[in-house]
Amino acid sequence: MEHIEREAMEFDVVIVGAGPAGLSAAIKIRQLAIENNLSDLSVCVVEKGSEVGAHILSGAVLEPRAMNELFPNWKEEGAPLNVPVTEDKTYFLMSDEKSQEAPHWMVPKTMHNDGNYVISLGNVVRWLGQKAEELEVSIFPGFAAAEVLYHADGTVKGIQTGDMGIGKDGEPTHNFAPGYELHAKYTLFAEGCRGHLGKRLINKFNLDKDADPQHYGIGIKELWEIDPAKHKPGLVMHGSGWPLSETGSSGGWWLYHAENNQVTLGMIVDLSYENPHMFPFMEMQRWKTHPLIKQYLEGGKRISYGARAVVKGGLNSLPKLTFPGGCLIGDDAGFLNFAKIKGSHTAMKSGMLCGEAVFEAIARGVEKGGDLAVARVVEGDDLFDKELTAYTHKFDNSWLKEELHRTRNFGPAMHKFGLWMGGAFNFVDQNIFQVPFTLHDLQPDYSALKTQDKVSVKPTYPKPDGKITFDRLSSVFVSNTLHEENQPSHLKLTDASIPVAVNLPKWDEPAQRYCPAGVYEIVAEDGAAPRFQINAANCVHCKTCDIKDPSQNITWVTPEGGGGPNYPNM
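Take the sequence shown: its position 270, counting from 1, is numbered 270 in full-length UniProt numbering, and each next residue is one higher.
None of these hints come from the bench; they were simulated from the model. One or more of the hints may lead you astray.
[What the hints assert, rightly or not] Straight line, CA to CA, 25 Å or less: simulated SDA-like cross-link-like pairs of lysine to any residue: (1) Lys204 <-> Glu259; (2) Lys492 <-> Ala177; (3) Lys232 <-> Arg302; (4) Lys230 <-> Phe92; (5) Lys199 <-> Trp224; (6) Lys232 <-> Ala152; (7) Lys204 <-> Ala177; (8) Lys204 <-> Lys168; (9) Lys209 <-> Pro436; (10) Lys230 <-> Thr407; (11) Lys168 <-> Ala146; (12) Lys109 <-> Lys492.
[What the hints assert, rightly or not] What follows is a set of in silico ranges between Cβ atoms, one per label pair, in the way DEER data are often shown: (13) Ser456 <-> Arg6: 50 to 60 Å; (14) Glu171 <-> Ala496: 18 to 28 Å; (15) Ser245 <-> Asp471: 44 to 54 Å; (16) Lys75 <-> Ser447: 28 to 38 Å.
For each residue, glycine too, the CB sits at the ideal point set by N, CA and C.
Could you build all of it, start to finish, from the sequences and the hints given here?
Here you go:
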């Protein structure tokens, strides 16, 4: 395609992603700017979803610590934290029929939920978006950040939003509209787990050279409206065991009673699983048939479905947070506290810490004579710090660092020692005394998959009944996923021959199963040789393929802005 002239827009700060981290950063910057008479400081947030909150998916129970700091009067200001946790129960599913509740004292303190709230994170983010706009943050939903822009000296200059109206052949259609260049003094990347630009930046600046490999889970969620007689607002249930125990896989499940007779429920499957025949989506469907769970769902109606990769490496896997011209915040860096099964308060706090560092750097630059209204575009301009090392310093001296340090062994213990021994280790480490050493988990998730000749268990899954259990295509339908059909696939294969020539004989092509949206299929028609088919329009943007493909042959890049799921109340 020929060189395209693009319009450039200048801001002081550009933020990629209108999630809890990105919006908290934007809000903190503007709060400080107004308090310190620098109200012209401009902040722009770009969001690939069709609206703020469209792509937000989380359990979710919110620990309000960061919210209390960002908006001390959040109750009076109408934040949608309406259901305080009233009961907190943890179970082990021993079989497809039996369960055992764990005494509260046996549960690691990190998993206690006193003082927390059952929420829709999507609705909380929509509220944060409104607060950001009240502070004159410019928010552009439906615009995907497609490329990182650089100055000649290698400093990040900003981002380019994706072109619209590119056909499947890669050529402009009659609907073509070029993307914009957004330039800034500082660009903050808050794309969520496995952000495609964050991944590139980590590689380009070697940000993870001193970190353990990052680790992930796949979270699969449904929202149900249930019989009011069965609804218990504020009841929080967590558990593990069956059915994942049958394939030797690890992970856990949740069921939260929210407001309006709704429950959110789902399963997180660790992407370090070994059995290539394991089918995370069907494991979650099978889990719903357990009497402990099914009792709440019978007579109810499924409202929505979604899936999202979860970053769970914790402190040990955090990359360097800064690079010349920008920072990683939220799950783009990996701040989720998996020992708490919570990442919203940590994402918010990382954004707030980064926002403070950004504001202070810009304020210093203005004091030295820098231009507040125009992004740093002159080579050699030394009025503004090129790298915000103050962000790292603030993190190192924050409760966020303290919290992640205290739980640094949780995930490695579970991976190394298994459910029972790992659980016992974590009980001692979290409830009795902190061990004076750090465990490490150095095997990348994709490399954990065994070849099919090395596994003896090939699970079978019952046909969905359409009442309690469902198939993937009907699930994608209720996720409201839409993409412009005539666009290049955003799921890129480095080598198109690998799925059939390598992955199929070695691992029975696991993309057929690990994808929770039925994007990948092996098709063999009329005796013809099998071929690999990508149904990109089904994609719910979970990023699991980018993580788990054992050949590391799939790269997820952003499709046209506005595409993907449109989650209500998730």
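Structure-based check of each hint:
Simply put, Lys204 and Glu259 have alpha-carbon atoms about 45 Å apart, too far for the 25 Å limit, and the pair is violated. For the given pair, Lys492 sits about 22 Å from Ala177 by alpha-carbon distance, which is consistent with the 25 Å threshold. This hinted pair checks out: Lys232 and Arg302 have alpha carbons roughly 17 Å apart, not beyond 25 Å. With a C-alpha separation of about 21 Å, the suggested pairing of Lys230 with Phe92 holds against the 25 Å cut-off.
For the given pair, Lys199 sits about 34 Å from Trp224 by alpha-carbon distance, which is inconsistent with the 25 Å threshold. Note on Lys232 and Ala152: the hinted pairing is violated, with a Cα-Cα distance of about 59 Å set against a maximum of 25 Å. For the given pair, Lys204 sits about 29 Å from Ala177 by alpha-carbon distance, which is inconsistent with the 25 Å threshold. Under the criterion of a C-alpha separation no larger than 25 Å, the hint pairing Lys204 with Lys168 is inconsistent with the structure, at around 29 Å.
The suggested pairing of Lys209 with Pro436 holds, with an alpha-carbon distance near 24 Å, which does not exceed 25 Å. Only pairs whose Cα atoms come within 25 Å are accepted, and Lys230 paired with Thr407 is rejected, the gap being roughly 35 Å. The straight-line distance between the Cα atoms of Lys168 and Ala146 is roughly 17 Å, inside the 25 Å bound, and the hint therefore holds. Distance restraint check for Lys109 and Lys492: the Cα-Cα separation of roughly 42 Å exceeds the 25 Å cut-off, and the hinted pair is therefore not satisfied.
Look at Ser456 against Arg6: about 56 Å separates their beta carbons, and that is inside 50 to 60 Å. Roughly 20 Å separates the CB atoms of Glu171 and Ala496, a value that falls within the hinted 18 to 28 Å. Restraint check, Ser245 to Asp471: a C-beta distance of roughly 24 Å breaks the suggested window 44 to 54 Å. Look at Lys75 against Ser447: about 47 Å separates their beta carbons, and that is not inside 28 to 38 Å.
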